[in-house]
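Let's have the full structure, built from the sequences with the hints guiding it.
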Amino acid sequence: MSAILEVRDLHVRLPVAAGELHAVRGIDFTVRRGETLCIVGESGCGKSMTSLAVMGLLPRRAKRQVASLRFDGIDLSSLSERQMSDIRGNRMAMIFQEPMTSLNPAYTIGNQLAEALTRHRPVSGREAEQRAVFLLEKVGITSAGDRLRQYPHQLSGGLRQRVMIALALMCDPALIIADEPTTALDVTIQAQILHLLVSLQREFNMALVLITHDLGVVARVANRVAVMYAGEIVEVGTTAELFARPMHPYTEGLLRCIPIPGRTRRDEPLGSIAGLVPSLIGQQHGCGFANRCEYVQDACREGSVLLGMEAGHAYRCLFTPEARRPAEVRS
Amino acid sequence: MSASVLETRDVRCTFSVRQGLFKPKRPLHAVNGVSLTLRKGEVLGLVGESGCGKSTLARMLLGLQAPTGGEILFEGQSIGRLDRASITRKIQTVFQDPYSSLNPRKSISSIVSLPLRVHKIGNPADWQNQVERMLDMVGLPRRVYHSYPNQLSGGQRQRVAIARALIMRPEVIICDEPTSSLDVSVQAQILNLLRELRQELGLTYLLISHNLAVIDYLASRIAVMHLGRIVEEGTTDTIMRQPSHPYTKALLASVLTPEPGLGVPATDLGTSFPSPLAPPPGCTFHPRCPAAMQVCKEAAPKPRAQADGGMVECHLYT
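Chains U and H supply the protein sequences, listed in that same order. For the first sequence, the positions run 611 to 941 when the working numbering is used. For the second sequence, the positions run -17 to 300 when the working numbering is used.
It should be emphasised that the hints constitute simulated quantities derived from the structure, not laboratory data. Since the model is a prediction, treat every value here as computed from it, not as a measurement. Note that CB positions come from ideal geometry on N, CA and C, so glycine has one too. The reader is advised that the hints may include incorrect statements.
Each computed EDC-like pair below joins lysine to aspartate or glutamate, with the alpha-carbon atoms no more than 20 Å apart [what the hints assert, rightly or not]:
{"no.": "1", "chain 1": "H", "residue 1": "Lys22", "chain 2": "H", "residue 2": "Glu(-11)"}
{"no.": "2", "chain 1": "H", "residue 1": "Lys102", "chain 2": "H", "residue 2": "Glu114"}
{"no.": "3", "chain 1": "H", "residue 1": "Lys231", "chain 2": "U", "residue 2": "Asp796"}
{"no.": "4", "chain 1": "H", "residue 1": "Lys22", "chain 2": "U", "residue 2": "Glu725"}
{"no.": "5", "chain 1": "H", "residue 1": "Lys72", "chain 2": "H", "residue 2": "Glu57"}
{"no.": "6", "chain 1": "H", "residue 1": "Lys72", "chain 2": "H", "residue 2": "Glu182"}
{"no.": "7", "chain 1": "U", "residue 1": "Lys748", "chain 2": "U", "residue 2": "Glu725"}
{"no.": "8", "chain 1": "U", "residue 1": "Lys748", "chain 2": "H", "residue 2": "Asp250"}
{"no.": "9", "chain 1": "U", "residue 1": "Lys673", "chain 2": "U", "residue 2": "Asp685"}
Simulated DEER-style distance windows between Cβ atoms [stated by the list, open to error]:
{"no.": "10", "chain 1": "H", "residue 1": "Arg151", "chain 2": "U", "residue 2": "Ala850", "range": "43 to 53 Å"}
{"no.": "11", "chain 1": "H", "residue 1": "Ser17", "chain 2": "U", "residue 2": "Glu737", "range": "56 to 66 Å"}
{"no.": "12", "chain 1": "H", "residue 1": "Ser17", "chain 2": "U", "residue 2": "Gly892", "range": "55 to 65 Å"}
{"no.": "13", "chain 1": "U", "residue 1": "Ala854", "chain 2": "H", "residue 2": "Val277", "range": "44 to 54 Å"}
Now the structure itself:
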């Protein structure tokens, strides 16, 4: 499979009152055609900034610095804003978290869907409307013709997110970036929307980058997973590999935190990760996870941390899982 | 079986909703005849989708919303006849969003000691002591005593909210989605804390959540709510292993556990969520139910007792 999106050494910096916030600190990843890559991490780890940096939608004061950012053979980092907006919504599309705020309340659903197509293709309004009806039916909305004349406030949250998915599909994109598409929805609706997203992705053979904090979603949807922590990718691998054998202490800790019905014992405490995410303001030293890691050694706090490599499964730690010792035992 | 602490008998809450400037108001039955019993020392999990009335029910139990029908009993006495102060001494709450439930202009010491000041409990000289003991209990360092909420993280704020609820030594704590705005690693810390506090202080919880995995971990009994009614209730084991009601089954199937290879389940609930303003006739779940029969469209099912002391409200079991 060839790569549709290739990101090398991406940095995003935001000036804040206390200095410079280093939100994304040199990450590399590749998305292949037709695959699903999940980027998972807790709030503040830089996963949303990564997606916005790829789409060219960062806040104006944010600074993007990247060694190489290639989408389908095009170097995105050298494009002007005008050229970028020809690609955005056309060859690559984005689905945002909040279906309540990402649709324009002043225009009808039909208007917004049709605009996405007429902006990028030489088609008539009627053709655009036909495509809109076709896609609304695809995403499971009944009486699609009538829905075109409705306004966003007349739809429920689940329906709005379906409209957002249809909107992303209007120009038949090669890549969709979905930033927490189901976080604001109920569990039953979440399952429906994810099911829909996965089946549409197969049908249209798109690449999907799904950004989420929910490891349950990741396990069910992703082909490959990238775990982010404090602005860096700390572990990347195929879903089966990463869940069966987590190599980074953070991934290991995260998996222990989730209660699983039928498997977690109720009379035992859940695993948890002590401590807080480090502040990313100013120059960073050593491993980002050092202050919360139970295996931390002096070497972790100095120097850079290498990315250990195994076939298709990489992690950012100085030690292999076998070489790690809990801090209390060692001293 | 231990004694009931809090009990609702066919409790109802109806709002009238204005549809437009010149249209008549219409009734919205947010809670439509709920009978639940919270026994001493147990954790009752209440689960349901947004808009099903679970938060309205919680507000009524806290005395923040007067029921329009039915009765709420606290230790056998009707809550309507008790005054607000004596209810709040016994029933406390932890809200969902620790960013909006703490006053940003008050220090942590002032937030946690406020219940003591309002109820004039104990000697003011001793309040600082009590607050510090409470902070220790919920795992906060004593240095946050003089801090303000904006200096704390989400997990720490939720610990402050728990400390504030516990300082009155209440009987019952109502936790309305206590972890849904927190990250997973922080969620685990808070769940562990709630579990330890219950064992230490013998608390009774009503745990409201849409996350069945969280409910499964903490609750001893589960009640499932759909459109203002409890449609199934039973012990955690029964509900999680052998659910009866099709809605419970659908909720359970929608839980995405981190097990790769299982894929995303296809739930057959349909895309339409019935409007609470115009609930469908008969069983309110029938438009979404994969097992709906003719009778479901005509008559509402009656609650039916189950073997484990629970109940189910569905025509499949009558």
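### Task
Please name the hints from earlier in the document that this structure breaks, with their numbers sorted from lowest to highest.
4
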